[in-house]
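> Go ahead and model the full structure; you've got the sequences and the hints to work with.
Protein chains in written order, with my numbering: chain A, 623 to 987; chain B, 623 to 987.
None of these hints come from the bench; they were simulated from the model.
Quantities reported herein were computed from a predicted structural model and do not represent experimental measurements.
We put the CB at the ideal spot given by N, CA and C, even for glycine.
Mixed in with the good hints, there may be bad ones.
As the list claims (entries may be wrong) - Examples of chain A residues toward chain B, derived with CB under 7 Å:
id, residue
1, Ile699
2, Phe726
3, Leu728
4, Ile882
5, Glu886
6, Arg887
7, Glu916
Protein chains: 2
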Amino acid sequence: MQFHIDKSALSSVVSTVSRAISAKTNMQILEGLYMEAKGGELILRGTDTEISIESKSACMVDTEGSIVLNASLFGDIVRKLPAAMVHIESDGQKVKIVCEHSRFELMGQNAEEYPQLPELEEKESVVVTADDLLKAFKETQFATSNDDMRIALTGVLLDVTHEGITFVALDGYRMAMSRIAGEQQLERDLILPARSVTEIAKMVEGKGALSMEIGSNHLLIRLDETKFYTKLLNGEFFQYNSLIRREHDVTVRLEKKPFIDALERASLMTGKERNGLVKLEIFDDRIEILSNSEIGNVHEVVEAQKTGEDLTIAFNARYLLEGIRVVAEEEIEMGFTDAVNPCIITPNAADSYLYLVLPVRLASL
Amino acid sequence: MQFHIDKSALSSVVSTVSRAISAKTNMQILEGLYMEAKGGELILRGTDTEISIESKSACMVDTEGSIVLNASLFGDIVRKLPAAMVHIESDGQKVKIVCEHSRFELMGQNAEEYPQLPELEEKESVVVTADDLLKAFKETQFATSNDDMRIALTGVLLDVTHEGITFVALDGYRMAMSRIAGEQQLERDLILPARSVTEIAKMVEGKGALSMEIGSNHLLIRLDETKFYTKLLNGEFFQYNSLIRREHDVTVRLEKKPFIDALERASLMTGKERNGLVKLEIFDDRIEILSNSEIGNVHEVVEAQKTGEDLTIAFNARYLLEGIRVVAEEEIEMGFTDAVNPCIITPNAADSYLYLVLPVRLASL
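Next up, the structure:
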């Protein structure tokens, strides 16, 4: 293998595929980055077996061939090379990198040992814009579970129907749901691992329309010269529709920002042992937020418009905050039945987002 | 105690004194921030017993008094309060904080238990500009020792004479020296703890002329409404003058930037076991940098102008890099005797900085 490529082009493609490579692996070949020079192109690949990324760049190929190089070392070398033409050649597993007055020699690994890219047979496509996808990910990903015993819940469900896509994440204490309306060709459930959601979000930022190709076990996104593959999670997701209540006995409308500020202040006084417990006392024209612990107590008042009876209800402040912070609109609506049933939070002027959070039962209520 | 103060003024003075407070202390009173309302002023203090900071702000005092509050909790509360007037009052050790619709109650500690500020008797003064001080700190602090068995070497020496101040730090492998020329009233050695150097640097950035008052065991810097005290380190510093060689058998002049880049690339290949060892082969018009380890080898060439014989010498790349990166000028001069005596690095066009670094003896040299 022998090829020549501009440093900045090489650096860009190396950093793209390195995103798939995990620092924590006990298989040496997975610390590597697959490199192939073929027909006027440099093809790089990285994988942690869950996510795989392939990216290409035009280059001058003298001799075709392939090799695997340690991704972290090769990435460091490329980043620090001067902005000039980089010459790379391999002789067996020995690789030479020359750029101006710098010359490196390092050992690669056999390219044939590197995992293949997934094959997507009988694939179907889902079409979304990058902005819609980013919004739906932001509105749901925080609510994924960390419980490896229920692996399906560690990911984000995409429930695709002919009318649109519903994104759902839940962890047993709260559920976040986001919807992208728009016609789709297929009807299908799929679950994206949380880490794939993070990487897709980084990759598609600032892009336009995306086509996500869906195979039986993988999803593929193509962006310019880059292909991003992720495994889908197996297992049964929760029947989330059964949780959603549309009629509430008590409804409260309020501004998001002052409510978030007050909850953040109140949560400072919840102490270590109390796990962020705050009590909401909901009156006609306001919500009072109370918390007290061994370190002291706090009392906050925010304006609100209520319909229905007065209500006292307690929450884990973190769960409330996480669900409200992602709301894009200025006003929210909170719907309650009583002090023990879930609270449902939606933006006041949009129906694309819904957050459901369980209250905490207080002995003193 | 009862007073009223604007949130932003309070927030600013709290963050200033909190710099002196260490998160890692096993004396509960030292997690606190001393607060006193007196004669139209709010006076705050923080200390970790090594560094003490006092800062003041004008405020409306209804009732004079003092209290100690947990610095981390109080700081978090103040930061998150709305931008409005903050009302603080204490009743015994119970403290109430009210701002718009927020009301906090927390327990303070007795202000009489808080450490006193150091007293500087028979103090003398050193005068410098903030910019000169920051440059001298930057050029020396990185070379301080971590060895608590030789406590004096964990700080930066200020050797004050009538002609100027010499700053020195050394750790047994290298020595960094920086000089601020200019008449001083006193002749005196003093050693600043490394952490104090860091905090002074943050505090004086962007300021003009500074007067540093020096007592027998403390140094005091006054900035606007803030007083910064630090203990001085005791113990004997190294006789650094005896180390400095002014005549060299081999002298090399070269540009700093390409040399740093080449050393950084070469150090990538030194591997874990080799502790960053690089070999320099110094010829008439160039330095070749070589390194090889279990992960591969590297060869770099940088242009240089040499007087004297050719020389092969090895260094720890990190020690070389740290001493060269802080040089403000574009060109450096490296002076050698042979492969086993220290190398002395100075800026080519200035004599305010000098760096001395020991070579590593190579079996193969």
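> Would you mind marking each hint as holding or not holding in the structure?
Right, here's what the structure says about each hint:
| no. | hint | result |
| --- | --- | --- |
| 1 | Ile699 | holds, 6 Å |
| 2 | Phe726 | holds, 5 Å |
| 3 | Leu728 | holds, 3 Å |
| 4 | Ile882 | violated, 10 Å |
| 5 | Glu886 | holds, 6 Å |
| 6 | Arg887 | holds, 5 Å |
| 7 | Glu916 | violated, 9 Å |
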